[in-house]
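Okay, here's what each chain looks like letter by letter:
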Amino acid sequence: MSRRIIVPFGPQHPVLPEPIHLDLVLQDERVVEAIPSIGYVHRGLETLVAKREFPEYVYIAERTCGICSFIHGMTYCQAVEQVMNLEVPDRALFLRTIWSEYSRMHSHLLWLGLFADALGFENLFMASWKLREFVLDVLEETTGGRVIQGSCKVGGVRRDIPGETLDRMVSDLSCFERDLKELAHVFLRDESIIARTRGVGVLSRDDAYYMGAMGPTARGSGVAIDLRETGYAAYGKMNFRPVVEMDGDCYSRCAVRMKEVIASVDLIRQAAGKIPEGEIEVKPKGNPDGECFSRAEQPRGELVHYIKGDGSRHLVRSRIRTPTLTNLPPLVKMLGGCELADVPVIVLSIDPCIGCMER
Amino acid sequence: MTIEEQTTTVIERDHLIGRVEEFKKQGYRLVQMSCTKVGDLYEINYSFDLNYQFRNLRIVMDGQTEIASISGIYWGAFVYENEMHDLFGIRVVGMNVDFGGNLIRTAKKNPFANPTFRGEGPCPGE
Amino acid sequence: MSTLSKSPWILHYDASSCNGCDIEVLACLSPLYDVERFGIINTGNPKHADVLVITGGVNEQNREVIKNLYHQMPDPKVVVAVGICASSGGVFRECYNIVGGIDCLIPVDVYVPGCAARPESIIDGIVKALSILEEKKEKMALPVRVASGGEQ
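Chains as they are written, first to last, in my numbering: chain A, 183 to 541; chain B, 159 to 284; chain C, 7 to 158.
Hints listed in this document are in silico derivations from the structure and should not be mistaken for laboratory results. It is possible that part of the hints are untrue.
Stated by the list, open to error - In silico lysine-lysine, DSBU-like type, Cα no more than 30 Å apart, as pairs: (1) Lys182(B) x Lys233(A); (2) Lys515(A) x Lys182(B); (3) Lys266(B) x Lys73(C); (4) Lys335(A) x Lys182(B); (5) Lys467(A) x Lys363(A); (6) Lys134(C) x Lys53(C); (7) Lys515(A) x Lys335(A).
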């Protein structure tokens with residue numbers, strides 16, 4: 183006779199560095215339903231627009247999340263620049279693109295490591311994080327910060343990357359790319375990884391699209407949406423195709439991220455080759471008056487920053503819609519019917535960023 | 159500028175479900191729902207996207223009015239609707255998954271409706 | 007140095023951090039920083055832990071969680087607040103849902119500065135915490151010692 187029990191998952195759970203709580207309704211070993219409850223890292227930072235002037239709020243926006251912090255800052259700046267009609271210099275846009283891609287690599291490598299750890303593959307965790315340190319070194323050298331960069335500002339960027347540094351960054355990439363390909367070989371071919379991830383947590387294409395899955399979660403299910411195609415920052419001048427996998431399982435989502443890191447290397451090379459000389463910022467005049475939805479592709483998917491200003495130094499509203507929030511309904515869907523032992527792997531496969539989600 | 163064109167249409171509250179169903183039929187995905195408090199009124203934004211075409215519907219109402227849930231059309235809308243309920247106290251009727259105010263548990267009820275700040279100074283003790 | 011501080015076990019909890027400090031705490035485990043060379047092991051079980059590492063400020067929801075974790079840890083124990091948010095609330099100190107730094111809830115032994123705190127300073131902080139752990143152990147070893155564990 184089978185019976186129903188509820189198993190609480192989290193908030194403090196070894197597989198997640200961050201707290202999220204799921205109530206798993208089980209029928210024997212199978213999950214019938216998963217009910218998320220959040221709020222463990224909710225700060226309410228969107229209300230801080232009333233306390234900080236709009237140029238200062240960049241710092242708050244960046245601290246929405248320590249993993250994709252650069253892209254948060256950039257997306258917020260884009261929104262303010264749009265409202266204030268600022269023409270950001272090309273060099274600044276290219277620099278933003280370069281830093282965005284480094285952030286993406288650092289985020290994906292971090293995830294790959296955690297994912298390997300969730301599978302019990304500790305060696306691979308170490309290998310991924312060792313490669314990630316290379317990316318962090320570059321970020322630290324060019325911006326001053328390892329994980330929170332603080333290099334974006336309204337109207338451009340705070341600091342330039344000198345030509346010779348840029349050249350060295352590009353030449354260092356070839357060594358890094360070779361190591362990445364070795365890593366990719368393990369992630370994509372290793373038997374034990376395939377056994378744990380193939381056919382686990384399947385999300386169909388339609389479900390992914392209409393439930394609002396974004397980023398690698400959507401692209402792993404064959405939905406080719408990548409906001410970089412809209413051409414924000416300097417992405418319009420890059421030769422770029424979204425990475426898409428068709429199977430919708432954990433393996434596909436892992437493969438998308440692995441291949442995206444390699445794609446990022448290529449994007450950085452292109453950006454470094456095309457970056458023009460010139461100014462890196464324009465001074466904003468006046469205050470934002472109006473509203474704008476600004477969108478960008480974060481490592482986890484589509485990020486939306488909405489701002490509304492009334493012509494004063496303080497914005498009326500900042501709304502941050504992060505990809506993890508929109509990936510939550512698909513996660514609930516994926517968990518239905520899976521085995522209890524697969525829950526950590528499936529939860530991790532959407533790359534949950536709780537700090538982002540709850541703001 | 160690099161940001162795509164954005165159109166916002168202000169609609170009546172009664173037309174919401176019809177308009178959203180139209181979007182779904184055309185193949186739009188739900189990007190987000192959010193709430194903004196302007197004076198005493200609340201602006202509710204529904205954003206949709208199809209092939210990077212960004213469309214926005216807006217309802218303007220006061221805090222007492224109820225709105226219909228669109229979670230019957232877009233299943234995933236429940237996170238946004240619960241969030242609006244928890245943060246702003248917007249009453250949404252007919253959600254498929256209703257957390258009853260417990261999705262985001264905050265110290266204060268509906269904190270975004272009337273934001274308060276802890277202020278400077280030492281931490282309050284136990 | 008006693009056996010205790012030769013292999014301290016660490017419990018990490020993310021209070022309401024933005025993740026920046028969390029991933030730096032994890033980075034300490036990666037090959038470049040490799041805290042395991044100090045015998046430090048990251049555990050998920052509070053009853054195994056000697057050092058509680060907390061990132062981010064206290065908010066209303068995780069108050070009880072932090073207290074629980076702290077009380078479940080055996081004595082002697084030390085608490086390390088990593089990053090400015092854990093120390094004082096940081097940029098979020100004015101947010102309505104933030105109560106403040108960790109020290110308004112449980113006693114903190116070491117504060118690690120930074121936003122985000124760098125792995126070097128985190129390691130430095132933990133090593134400092136070990137000498138405090140050692141002191142606490144000596145005090146505990148004084149004549150009257152209660153046999154059962156838990157809070158005294």
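How the hints compare with the structure:
For the hint linking Lys182(B) to Lys233(A), the alpha-carbon distance of about 39 Å lies beyond 30 Å, and the restraint is violated. At most 30 Å may separate the alpha-carbon atoms for a hinted pair to count; Lys515(A) and Lys182(B) meet this at roughly 20 Å. For the hint linking Lys266(B) to Lys73(C), the alpha-carbon distance of about 21 Å falls within 30 Å, and the restraint holds. Proximity of Lys335(A) to Lys182(B) is assessed by CA-CA distance (about 37 Å); at most 30 Å being required, the pair is judged violated.
Restraint check for Lys467(A) and Lys363(A): the C-alpha separation of about 47 Å exceeds 30 Å, so the hint is violated. A threshold of 30 Å between alpha carbons decides the hint, and for Lys134(C) with Lys53(C) the separation of about 22 Å falls inside it, so the pair holds. Between Lys515(A) and Lys335(A) the alpha-carbon distance is near 39 Å, which puts this suggested pair outside the 30 Å criterion.
Hint violations for this structure: numbers 1, 4, 5 and 7, all remaining hints satisfied.
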